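Sequence order for the protein chains is U and D. Numbered as in my numbering, the first sequence ends at 272 without a single skipped number. Numbered as in my numbering, the second sequence ends at 303 without a single skipped number.
Since the hints were made in silico from the structure, they are not lab data. For clarity, every value in this text was computed on a predicted model and none was experimentally measured. Note that the Cβ used here is the ideal one computed from N, Cα and C, for glycine as well.
Partial selection, computed: residues in chain U whose CB lies under 10 Å from chain D: (1) 14; (2) 27; (3) 147; (4) 202; (5) 236.
Computed beta-carbon distance windows for the label pairs: (6) D:285 to U:211: 30 to 40 Å; (7) U:182 to D:155: 53 to 63 Å; (8) D:94 to U:45: 34 to 44 Å; (9) U:211 to D:262: 16 to 26 Å; (10) U:126 to D:114: 51 to 61 Å; (11) D:68 to U:42: 58 to 68 Å; (12) U:181 to D:222: 30 to 40 Å; (13) D:297 to U:178: 32 to 42 Å; (14) U:163 to D:15: 22 to 32 Å; (15) D:19 to U:211: 17 to 27 Å.
Derived lysine-lysine pairs resembling DSS-like cross-links, with alpha carbons at most 25 Å apart: (16) U:178 to U:256; (17) D:195 to U:256; (18) U:178 to D:3; (19) U:262 to U:178.
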Amino acid sequence: MNTTWSRFNIASLVLGFAFLYLPIVLLVVFSFNESRLVTVWAGFSTKWYVSLFHNQSFIDAAWVTIRVGLVSATVATILGTLGALAMTRYTRFRGRLLFSAMIYAPLVMPEVITGLSMLLLFVALGFDRGLWTMILAHITFSMCFVAVVVQSRLVTFDRSLEEAAMDLGATPVTTFFKVTLPVILPAVVSGWMLAFTLSLDDLVISSFTSGPGATTLPMRIYSQVRLGVTPEINAACTMLIAIVTVGVIIASIANKRREVQKARDEQAAARN
Amino acid sequence: MEKLISSVASRLVILVPYLWLLTFFLIPFFIVFKISLSEVAMSIPPYTPVFDLSAGWAAFKASFAQFSWDNYIWLTQDPLYFKAYLSSLLIAGVSTVLTLIVGYPIAYGMARAPATVRPTLLMLVILPFWTSFLIRVYAWIGILKPEGLLNQFLMWAHVINTPLTILNTNTAVFIGIVYSYLPFLVLPIYSALEKMDYSLVEAAEDLGCPPIAAFWKITFPLSLPGVVAGCFLVFIPAVGEFVIPDLLGGSQTLMIGKTLWNEFFSNRDWAVSSAVAVILLLLLVVPIVLFQRAEARAQESEK
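Take the sequences, apply the hints, and build the full model.
This is the structure we're talking about:
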C-alpha cells in the first residue's frame, strides 16, 4: 500500500473521530462551568450537579426512566431472543415473510409514526396512558433490535453442538438452556444493554405513549431545552453519559474475562 | 409427554413474538388508517370512530358509507403539507449524501487499519451511539449558537469578524442529521470493506492501474451492498425526523415529522395527524421494502 493512501486513512480517522467526540466532550466540560452562560468558561464548579440533586422533578423523572428501562429491556430481550430463534431455526412457517418484515421495519420506522400508532392503539383498547403503556411501547421497538443482534450470533452458531446434545437424549428445551443459551449469552447481554439504552434515550415514542405523571428524563430535558440552554441540563446529560459509559466498560471487561477464561479452559482441555 | 412439551415450546418460540408484533406494531397501523378516515370531533378522544365492531356486521358494512376522505382532501388543499413532505425528502436526501461523504472515508480508514486496532476503532464508532440522541443534538446547540463555541473559535482565529448564523437554519439540520446517523452508515460499509479481498486491488495496481482508478473500479463496487444498507438506515428515519429539525432547525425548516407532532400536540387534531402519518408511510414503503430485501439478501449470503 502506498503512503499517501495511508496518510489519507489516518487523517480521515482522526477527523472523523474528532467530529464524533468533540461535541460530547465539550458538553461534559461545560457542565463543570462556574458561569450560568454555557459557552463562556468561568472556572471549575460542581454546583450544577448539587442543584440537580435538589431538583425533585429531575429525580422523579430519573426513577421513571430507570423503571421503564429495566422492565422493558428485560421483556424485550426475552421476546427478541425468541424472535431471533424463530427467524434462524424455523426457515419455513406460515407468515414468515410478514414476521421478518415486522422485525426489520421498526428499525427504520420514523418514531413519530410508531409513537402515534401505538398511542391510538392504547386509546382504542381503553388503556390508561402512563408508565405501563410506555413500557409496552418500548418493549415493542427495542425487541426488534435485540432480535437482530441475537440473530447475527445465531447465524454463525455451530448447530452440531445442539445435535450432539439431542443425540445424547436432551430435549430441545434442555438443549436450549444448557447448550444454545450459554453460547449466545454475550449477544443476549448486549441485546439487553442495547434495549436498555434505547429505552433510556427515547423521547418521541415516550411523549406519545405516556400520560400525566409519567415523565422520563429525556422528556424532562427536552422541555427544559426548549426554554434555553443551561449548565444544569449539561450536568444531567453528563450523568446519563457517565451511567452508559460505566455500563459499557463493565460489559466489555466481563466479555474479556469470559474470553480469557474460555481460552484457558480450551488450553486445559487440549493438554488433557 | 416430553415430546408434547417440545412441540408446544417450538410453537411458542414463533407464536409469542409474532403475536406481540401483530398486536403492537401491525394492528396499530390499521387503527391509524381508520382514524385518518374519521371526522374531527370535539371530544376525548377527539374524533368520531368510523366503525364499532361490537355493533355487528351490518353496522360494520354501513359504516363504510361513512368513510370520510375529508382529512386527505384537507392535506391537498393546504400547500404547507405538500411542501413539508417535499422538503423532508429533500433534506433527508441531501443529508444522506453528506453522511456518505463524511462516513465512507472513516469506514475505509477503519477497514485498512491494522487488524489489532480494528476492534478498538469499531468500539469508538459504536460508543457515541450508546449516548442519547437528544443529548447529542443538544450538544450542537451550544456549538452552533451565534455566541457559541464555533463562532468564538472562528472569531478568535480571525477567520470571521461577525458571528455566523448557523443555528435555526437548514445547515444546522444537515449537521445534526450527519452527526446523529453517522454510525448507522459507517458500520455496514466497514463490514463490507473488511470482508473484501484486498489482493484484488494489489493485483490491479501491479498491472498499472492508478490507486484512485482501482478504488472506483474495485473497492467501491465491492462495498456497494454496505453503502446501500447504510444509506437506507440514514434516509428512512431522517425523513420522519422530529428532534433535529425541532431543536436545530428554524421556523422556515419544514419537515413532516415536526408537522405531525404539532398537528397532534398543539392542534390536537388526531384525524389529520393520522392522515399525515399514512401519507408518510406510503412515501416510505418503497425504501423500507428495498431495505428489507437488502437485509434479507445479506442474511442469505452469510449462511
